[in-house]
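Colleague: One letter stands for each residue in the lines below.
2 protein chains.
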Amino acid sequence: MSRWIQNGDNVDITKERKNATFNTERMSAWIHGGDEVLKRRREILDYVKSNPDFKDPIPVEFLSREERVSNGTRKIVKMTDNTDQIDGADFFGEGMYFQSLVMGRDLHPLSLHYIMFLPTLQGQTDDEQLDEWLPKAIARSIVGTYAQTELGHGTNLSKLETTATYDPSTQEFVLHSPTITAAKWWPGGLGKSSNHAIVVAQLYTKGQCKGPHPFIVQLRDLETHKPMKGVRLGDIGPKLGINGSDNGFLLFDKYRIPRKAMLMRYSKVQPDGTYIAPAHSKLGYGTMVFVRSIMIKDQATQLGAAATIATRYSAVRRQGEPVVGNGEIQILDYQTQQYRVFPQLARAFAFLFAAYEIRDLYLRLTEELTHGNTELLPEIHALSSGLKSVVSWDTAQGIEQCRLSCGGHGYSQASAFPEIYGYAVGGCTYEGENLVMLLQVARYLVKAAEETRKGTSNLAEICGYISKTGRRTSSLTSIANYTTDQIIEDLEHVARKQVFHAYDKLKKAQQHVKPEDAWNQSSVELAKASRWHVRLYLVKTFLKKVDKAPEDLKKVMIHVARLYAFDIISSSSGNFLEEGYMRPDQITEIKEGVYECLAKIRPVAVSLVDSWDYDDLELKSVLGKRDGNVYEALLQWAQNSQLNKSDVIPTFEKYLGPMMKDARSKL
Amino acid sequence: MSRWIQNGDNVDITKERKNATFNTERMSAWIHGGDEVLKRRREILDYVKSNPDFKDPIPVEFLSREERVSNGTRKIVKMTDNTDQIDGADFFGEGMYFQSLVMGRDLHPLSLHYIMFLPTLQGQTDDEQLDEWLPKAIARSIVGTYAQTELGHGTNLSKLETTATYDPSTQEFVLHSPTITAAKWWPGGLGKSSNHAIVVAQLYTKGQCKGPHPFIVQLRDLETHKPMKGVRLGDIGPKLGINGSDNGFLLFDKYRIPRKAMLMRYSKVQPDGTYIAPAHSKLGYGTMVFVRSIMIKDQATQLGAAATIATRYSAVRRQGEPVVGNGEIQILDYQTQQYRVFPQLARAFAFLFAAYEIRDLYLRLTEELTHGNTELLPEIHALSSGLKSVVSWDTAQGIEQCRLSCGGHGYSQASAFPEIYGYAVGGCTYEGENLVMLLQVARYLVKAAEETRKGTSNLAEICGYISKTGRRTSSLTSIANYTTDQIIEDLEHVARKQVFHAYDKLKKAQQHVKPEDAWNQSSVELAKASRWHVRLYLVKTFLKKVDKAPEDLKKVMIHVARLYAFDIISSSSGNFLEEGYMRPDQITEIKEGVYECLAKIRPVAVSLVDSWDYDDLELKSVLGKRDGNVYEALLQWAQNSQLNKSDVIPTFEKYLGPMMKDARSKL
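The listed protein sequences derive, respectively, from chains A and B.
Note that the first sequence ends on residue 667 in UniProt numbering; no numbers are left out.
Note that the second sequence ends on residue 667 in UniProt numbering; no numbers are left out.
Watch out, some of these pointers could steer you wrong.
As the list makes no split between identical chains, a pair holds if one copy fits it or if it spans any two.
Taking lysine-lysine and the DSS-like style, the derived pairs with C-alpha atoms no more than 25 Å apart in a straight line are [to be verified]:
hint, residue 1, residue 2
1, Lys15, Lys545
2, Lys645, Lys226
3, Lys447, Lys514
4, Lys39, Lys55
5, Lys78, Lys666
6, Lys654, Lys206
Calculated directly from the structure, the hints in this document are not laboratory data.
Hey, can you work out the whole structure from these sequences and the hints?
Modeller: Shown next as structure tokens:
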């Protein structure tokens, strides 16, 4: 008996766990950042399990949209009633875990209240405004959201259409949506739940446009919750995922708000309409880096969950009889299955450790910024943008590989894969569309390449490789002797090469066409450079983290980290073969390295995923149940189907019954 | 005014259409197989549009599961009332189109009745059984499904657990599910709609197991529709897609059926229990090839729809202002956007033409089989298995790329992408799990490699390349002069190389380990060989089809076909660089070829997708509307949300209202 092995468990999964060559608890502590963190996780888990308020009546996938929003609201109110259960300062750790246990992946109408409304009040109000609004928001006497994106406008803020025109005669702003494309669109909780919003609108005063500015706006009556006159809003309908949130639309019809509704920490409009520009540009980058560290950890957690479900199910599922008469084997024994699932597990680790590293960099950055040192900022901001992009895409792909590896049952919502995918893949789009992000990173890389060429480069640790003079050929001799430093060196070579390849392409194009066209014509290659920049960082972070691990854990994890690196190299072998940097036999060696890693991971795979410390409550997957008794659970889960409420559904009387009866009468 | 350009359309999309350098109608006819086919498409479309029975009350994404099943049943009954509207013999053409217009992607409870129940009756009954059952099934006086897959058993039929034990004393079979894993699981329409099923069960007679056999079984009472005593069944719950179908589970508790319920065309059980084995093995391969040609066409149609939506939306959406003051540009102008979308369009074409080719091969095959010539069979069967696998995976990936290219709006169900993806990606799993399929193909390729090595190879057209002696280096000089034959030659080289690489790996492993382990250890490389085999076929088919196109269409389509080929080569450049078959400058040339193709396709992209001839009724996408007026339509679509039925939803009174009131009282 242990946390993971219990009486009545599926015998195959127990056998797997008994084969573990390492201590799962020690591995869990290492993964999550120490014994204390692990202890707190279990305390939070026990608390959530013990509180009946947090239970779903039935799995959410059986609920209608209205029921999902209602159930999510019920739970989030209870959850925020009980924030004293966690360390509020540690959202990256305890906060995220608490929320994931209580709220799951369907989310809830208060997400934006906490993620955007509160922080914007904290960051953008003047002192008087802060005193007025912050206590209300914290006490939840109002519910707010953040309304920026419009139906016709996303990334490019300068083109938002909503206007806030100052009327000095009444000292009010008039909010207006001049077109349909000006409708605010997407904000979470906007449709039905929020009675306030930060609205970003083009500020007009004295006949001049001063660009987009934030305003705090009451949308609904506090008592009746009816929309205010001049405000039209509602839910934007069902989405690929996150249907527990009432993402909304919002249109203003000459809606008047007081002058003091404009958030005035930086810019101001005086009573007579005089505009005062901000003294210095807002340093919002730091917060963005932090939000991304959260996102990357969340993505890693989703991919880890997918890999856990696929690995456990693959240990339980038996199919195919390679030797007739010997019985069917666990599908985890098939190399093709390992090749589908284990690289996803490796990625989940890589992303998790990168998230930790980015969080630490953020803390360092914050520290340096207080000393007025902004040197690290652009490099870390670029890195975090790139990571967000690469991680969210690889996560989405990885989840689908895990789902497909579970065959037909992966297609059922019982597997939780459809929900995990719908939830995680949103990360490719929100907080900066992935390709837009990669091109932002590329702007930084182009600058770095330029400085390197000029010999003026002063690159810090993350981009240092760009100005290094590397080897002309890989030093790999055999996979057994292929060291961390060599692996990093080879990835640095390819990343550097792609950076300069894209840079040169851009420069060459600039000689023939307009700068904007040159950029556009080079953009696919520039995006590729950004991806290599990020991959290099991910490989380096992962390998170095494992190199420093305790010996008993390192001897397992080294295969996982190397699988991550070898998989990247072998699936992009073209980049390594170019100009003879690697020889085909070296690529073959690395491919064999992939297969060796798969074979090494196979015996410990179940215990490795156990080490992620997911509770069944968090996974919410019938296929990924700890006890491995998936078939009984599938049959039980299906009983919740709306269609199973009665033996004969009304459709029979209405359509099928008459059809068949009619046909029988004619035969 | 024309089919595609109408008054009131979005001006950007009209501008795009006016720029077409070819005749869209001519292109449509070429794509769909001639003027007559196109004419019939429009007749079917007009008929469906004119019939109010086929209308959905609101878009299905707003319906609950029960409503979806009910709505789907209503429509499929009406649809099958009116099959005289189409040429019933042409399911590949008219049938699929009719069904897609009426039923959309949510499907319905009668799918398996038509796809599996009827054909199995036709193929597996003796004459007496055929006379008894076929008229009933055709008249729809009974509704049937096909129950083979079990909760614990998929591909490996020999391990099905459901038993059919013959009792000579009553001349009955006793159907029984000895375990939970024996539950039939997944059959469409099984849960609530069907009153009959073909059940595949292990036949026991005289104490001996004779393996899996099909039985026709009544599941529900014809009048009351209640489950028969001894039969337990129901719906298996929501899935990633296709929720208009009541996929079901089924358990038997010693349920007795008459001896004549066993389908006896091939095997028989005599009244005394004597088993008569089939005279010759069933040639089911032909039908499988046909089903796959249908699947591949369906996948192509879904990917084409996704590319159409993304292309149209990209023409309408303006975002980013590369030159400040010049206004935002159409996102279709970004190279990164083109790089995301156009290769998907190219794939859709490649897959569609492959589907035509496979259908033609199937007809040739059927013809040859009637003359007793089975030579083509294994090669075509292997090809169709491989195509199913590669096409369904590339389609799924491509749909997601198209969705992501539409930014936030792609995440909304208004885009139709979530439904398209959920529907199409099922194809990776059903009709043979993709990796299992690829390994089946590999068994054929290994045989071909073996014969080539032995010099006994007598390979027909599809696999002929395996025994060719190819060039040692690519003959590519410049992308402008890179001919169809050269492209095919280069792909043949890589495909052949991978076949022999996998073969050699297998042979080497066989010297050291047991045959089953050797196969397993080589399986990832074997699957890769299968993929190259299929990709080569797809490129060849596409290029040759375009080479034979009328000149005015060819001059457009050549860029699409070459994009397809160049994209494959450049994204797997490692395979081409190995052993110096290509030089890095040749790869660079091909990459530039990709960008050139994108630029050539850009001006005609909207007309190219128009040529696929999708009606808005078929696309069911707000983003992909013909008229390009997407923003108004999004706002209108959202009004259907269940949450918008009232201004204030009950959740406010229950949870948010009390929470805020309580907080206000304390502030």
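Colleague: Classify it for me, Lys447 with Lys514: is the Cα-Cα distance of at most 25 Å met within a copy, between copies, both or neither?
Modeller: within (19 Å within a copy, 56 Å between copies)
Colleague: My question is about Lys654 and Lys206: at a cut-off of 25 Å on alpha-carbon distance, are they close within one copy, between copies, both, or neither?
Modeller: neither (66 Å within a copy, 46 Å between copies)
Colleague: Can you give me the call for Lys78 and Lys666, within, between, both or neither, at a CA distance of at most 25 Å?
Modeller: between (61 Å within a copy, 18 Å between copies)
Colleague: When no copy is specified for Lys15 and Lys545, does a C-alpha distance of 25 Å or less occur within a copy, between copies, both, or neither?
Modeller: This pair counts as neither: shortest intra-copy Cα distance 30 Å, inter-copy 55 Å.
Colleague: 25 Å Cα cut-off: does Lys645 pair with Lys226 within a copy, between copies, both or neither?
Modeller: between (36 Å within a copy, 13 Å between copies)
Colleague: Since the copies are identical, ignore which copy is meant and state whether Lys39 and Lys55 lie within 25 Å (CA to CA) inside a copy, between copies, both or neither.
Modeller: Within one copy only: 23 Å inside, 57 Å across.
Hints 1 and 6, counting from the list given before, are not met by this structure.
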